[in-house]
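Peer 1: Quick note, the sequences are listed as chains L and U, same order.
Letter by letter, the first sequence follows residues 1 to 418 of the numbering used here.
Letter by letter, the second sequence follows residues 1001 to 1418 of the numbering used here.
Rather than coming from a laboratory, the hints here were simulated on the basis of the structure.
Just to be clear, a hint being listed does not mean it is correct.
Okay, derived cross-link-like pairs now, DSSO-like style, lysine-lysine, Cα gap no bigger than 27 Å in a straight line [to be verified]:
(1) L:K349 <-> L:K324
(2) U:K1212 <-> L:K369
(3) L:K2 <-> L:K238
(4) L:K49 <-> U:K1038
(5) U:K1111 <-> L:K201
(6) L:K295 <-> L:K324
(7) L:K120 <-> U:K1347
(8) L:K54 <-> U:K1144
(9) L:K212 <-> U:K1034
(10) L:K347 <-> U:K1417
(11) U:K1111 <-> L:K387
(12) U:K1034 <-> L:K54
(13) L:K54 <-> U:K1002
(14) L:K54 <-> U:K1212
(15) U:K1347 <-> U:K1383
To list a few chain L residues with every Cβ distance to chain U over 12 Å, as calculated [to be verified]:
(16) L16
(17) S25
(18) V43
(19) N89
(20) I94
(21) T98
(22) L131
(23) G192
(24) E204
(25) A214
(26) D233
(27) T252
(28) T257
(29) T280
(30) I367
(31) E382
Quick reminder that beta carbons are idealized off the backbone N, C-alpha and C, glycines included.
Letter by letter, the chains look like this.
2 protein chains.
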Amino acid sequence: MKPTQASIITIGDELLIGQVIDTNSAFIAQALNKIGVKVLNRVAVGDEKEAISKALDAAAINNDIVIITGGLGPTADDITKPLLNEYFNGKMIIHEPTLAHITNIFENIHKRPMIERNRKQAEVPDVCEVLFNETGTAPGMLFKRNNVFFFSLPGVPHEMRWLIQNHVIPTIQQNFKAHTIAHRTLLTAGIGESFLAELIKDFENELPASIKLAYLPNFGMVRLRLTGTSEDDVALNKTLDTLFDQLKLAVTEFLVTDADDPMEVAVGNLLKSKNQTVATAESCTGGYIGHLLSKHAGSSQFYTGGVISYDNRIKTEFLDVSTKILTTVGAVSKEAVEQMAISVREKMKTDYGVSVSGIMGPAGQTIEKPLGMVWIGVSSKEKVYSKVFYLRFDRLRNIEVTANQAINLLRLLIINKI
Amino acid sequence: MKPTQASIITIGDELLIGQVIDTNSAFIAQALNKIGVKVLNRVAVGDEKEAISKALDAAAINNDIVIITGGLGPTADDITKPLLNEYFNGKMIIHEPTLAHITNIFENIHKRPMIERNRKQAEVPDVCEVLFNETGTAPGMLFKRNNVFFFSLPGVPHEMRWLIQNHVIPTIQQNFKAHTIAHRTLLTAGIGESFLAELIKDFENELPASIKLAYLPNFGMVRLRLTGTSEDDVALNKTLDTLFDQLKLAVTEFLVTDADDPMEVAVGNLLKSKNQTVATAESCTGGYIGHLLSKHAGSSQFYTGGVISYDNRIKTEFLDVSTKILTTVGAVSKEAVEQMAISVREKMKTDYGVSVSGIMGPAGQTIEKPLGMVWIGVSSKEKVYSKVFYLRFDRLRNIEVTANQAINLLRLLIINKI
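Hey, can you work out the whole structure from these sequences and the hints?
Peer 2: Structure (structure tokens):
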């Protein structure tokens, strides 16, 4: 029996002119995957009747489930609801619980009179099952045709997520037989993709045909993922565990974490387990390292704070980088980042300090200091260490890679590898 | 004549299990749009021969151009190149300039011996035109069949971008008649989507059929976009300019910027035009405001730096928030953020200070201070202002919305609206 299959259709011209990055699809794919639904493809189409209808036709052929997001708002460019009404031969009726909910939002929360446009949000095709939306004014809808379930959800990310978790996933679990899709993911640092492939060549050659190995390079690090699908949950997980142990052993020298976590979560967990703290001193990353360390729940246990010393004056006044350093070797130097890493640790009374200073582009380079040159420093009570990197990306990517490399150096310092 | 049309196909299992967010598609769509190519749809498929072949078949039907990214790496899960070779009935040959380029990268940059796996990166189907890739080891490829151009590009974002700009766009411009697709975008703040629609109802009703109006709500703000397509570049731009002037007038009270820029760029431009500077004091956003202000080129002209006072101790020691404030009204209070906004401005000697303190979730709330409660403060030499918000998103979204609202309050202070 083939696994339950799904397609995701996202609707909105903004996706086709590149104005918006689609983060909804990744969330939906992840949620479906977790309950054993295989996502066959993801399609983005514009706010056009013909394109949406064609995408619905195509998705219905191979799938058990179609998830549609977007186009449910109160404005004229939101055409999904009338289109689905026509597609499934329905007629519009008022959904009373949704109307009561919307009325309550306007009267008691916004404290503004409700207008006809808002009232229309409570209209739904009579051929759908309404998925009540506690988090917003546009209800979700479920249509069924020839054993295919079509879920229509608003595109607003937090509303979509709430409906997926509270309506879509439970409905799928009640109505479809679950296969198990299982993954094991680990993160490596310090080795390129092709050398890593060489290192685990034997392991890869001996993999059973039912298990796939994927390489996911990012930020100068490589994630490895094993994936299998089976009706036998226990056997699959046993196979994956055995193979994953072999894989971990093969890459042990470069292993950062055997969880599917970003670098900063792995390092945060390390700090929490040791009851230790870190402070940041950022120049060229402008707060991005602080953001990575603090964006996950529980970060106040290990992240104390930081100084964003974007201007050189702040490096001197807040982090004791002497004017002598600035006028001789300059702000992008071993001397500057080592002083920054020491000062921020001492002043914020933490166990570790991390610092960066570099030239992120597109301007600011000199002959001695090319675009993408960045110094990273880390310090503990016993030690200070720094390293220079030469990056070759655009500004934003340089910032992201620098932040990840800085957190990796912190990790190496914590585990005494530098 | 219909405009030149394209489909984008992204390849990779990671896109279908939600492990990775697809940012490449948005970049490609934007680049195509700029030269008048209409993107009909975007499709993401897994690393599976059948799924990729089907997507190629489907894309070839309605389009002039198909852009394929991903699956060109040196590892076994990268199947795009052999698949395209078979699909277009080619045979593999070595591309000498690429081989020389890869050899140079390994000998002179990585300073490691090149392995067979790397050498294979220089192999290409003999039926394609090679798009030399200066930025990496995987060359781009162009296949032609029945007047459809198929471009295959690596999925590594900076390599993909370089190939789009240096090969794909020039090739399309040489071979296809350009239509003009033109947009006008503005950003509003302080008004919800449905009330905005009500405000511009008359304008929207009188829009010519050839011009589309889109509402893009995000971060509690709404972007409005007018779009038109025509073979007559001059007439289209004239029509759009006239309509855009009307639209700006209709929303003038809520207008942030009439450029397609994020909020922080609009505020950065405002500061640059006045030769003024800003410093940040961030608690719950942990550096994200600093990141937004510094991620764009030229930000050192107006962004001086900041303090990330994640731990309350840092609020006291670096930003003079008294222990009395912390023990009576607490860190999430009017008193705390006003002191933070004043101190960071004075200590960093800037014209403005911005501060935030709140409860981003999923934990940390009390009865008086619910999840999502956040105080934002802004200060100038003459004034200090603060406002409380109650957000209802998840942690990351709360951070993003808080940062955007803080930058908006800074904007209102700069233009004397608060």
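Peer 1: If a hint holds in the structure, say so; if it does not, say that too.
Peer 2: Each hint tested on the structure:
1. L:K349 <-> L:K324: 26 Å, holds
2. U:K1212 <-> L:K369: 48 Å, violated
3. L:K2 <-> L:K238: Within the cut-off at roughly 21 Å; holds.
4. L:K49 <-> U:K1038: 16 Å, holds
5. U:K1111 <-> L:K201: 22 Å, holds
6. L:K295 <-> L:K324: 36 Å, violated
7. L:K120 <-> U:K1347: Violated, because 53 Å separates the two Cα atoms, which is more than 27 Å.
8. L:K54 <-> U:K1144: Status holds; Cα separation ~26 Å.
9. L:K212 <-> U:K1034: Violated. K212 of chain L to K1034 of chain U sits at ~39 Å, over the 27 Å cutoff.
10. L:K347 <-> U:K1417: 38 Å, violated
11. U:K1111 <-> L:K387: Within the cut-off at roughly 18 Å; holds.
12. U:K1034 <-> L:K54: 26 Å, holds
13. L:K54 <-> U:K1002: Roughly 19 Å separates the two Cα atoms, so the pair holds.
14. L:K54 <-> U:K1212: The given pair, whose Cα atoms are some 21 Å apart, holds under the 27 Å limit.
15. U:K1347 <-> U:K1383: Roughly 16 Å between the alpha carbons, so the hint for K1347 of chain U and K1383 of chain U holds.
16. L16: 4 Å, violated
17. S25: 7 Å, violated
18. V43: 5 Å, violated
19. N89: Nearest chain U Cβ is 25 Å from N89 of chain L, so the label holds.
20. I94: For I94 of chain L, whose nearest Cβ neighbour in chain U is about 17 Å away, the distance exceeds 12 Å, so it holds.
21. T98: Non-interface label stands for T98 of chain L: nearest chain U Cβ at 15 Å, farther than 12 Å.
22. L131: Holds, because the least Cβ-Cβ distance between L131 of chain L and chain U comes to about 19 Å, which exceeds 12 Å.
23. G192: 8 Å, violated
24. E204: 6 Å, violated
25. A214: A214 of chain L is in fact no farther than 12 Å from some Cβ atom of chain U, at 5 Å.
26. D233: Correct as stated: the minimum Cβ-Cβ distance to chain U is 17 Å, above 12 Å.
27. T252: The claim stands: T252 of chain L keeps its Cβ more than 12 Å from every Cβ of chain U (closest is about 19 Å).
28. T257: Label holds. Min Cβ-Cβ 15 Å, cutoff 12 Å.
29. T280: Nearest chain U Cβ is 7 Å from T280 of chain L, so the label is violated.
30. I367: Consistent with the label, I367 of chain L stays out of reach of chain U, its closest Cβ about 19 Å off (over 12 Å).
31. E382: 23 Å, holds
The structure is inconsistent with the numbered hints 2, 6, 7, 9, 10, 16, 17, 18, 23, 24, 25 and 29, although it conforms to all the rest.
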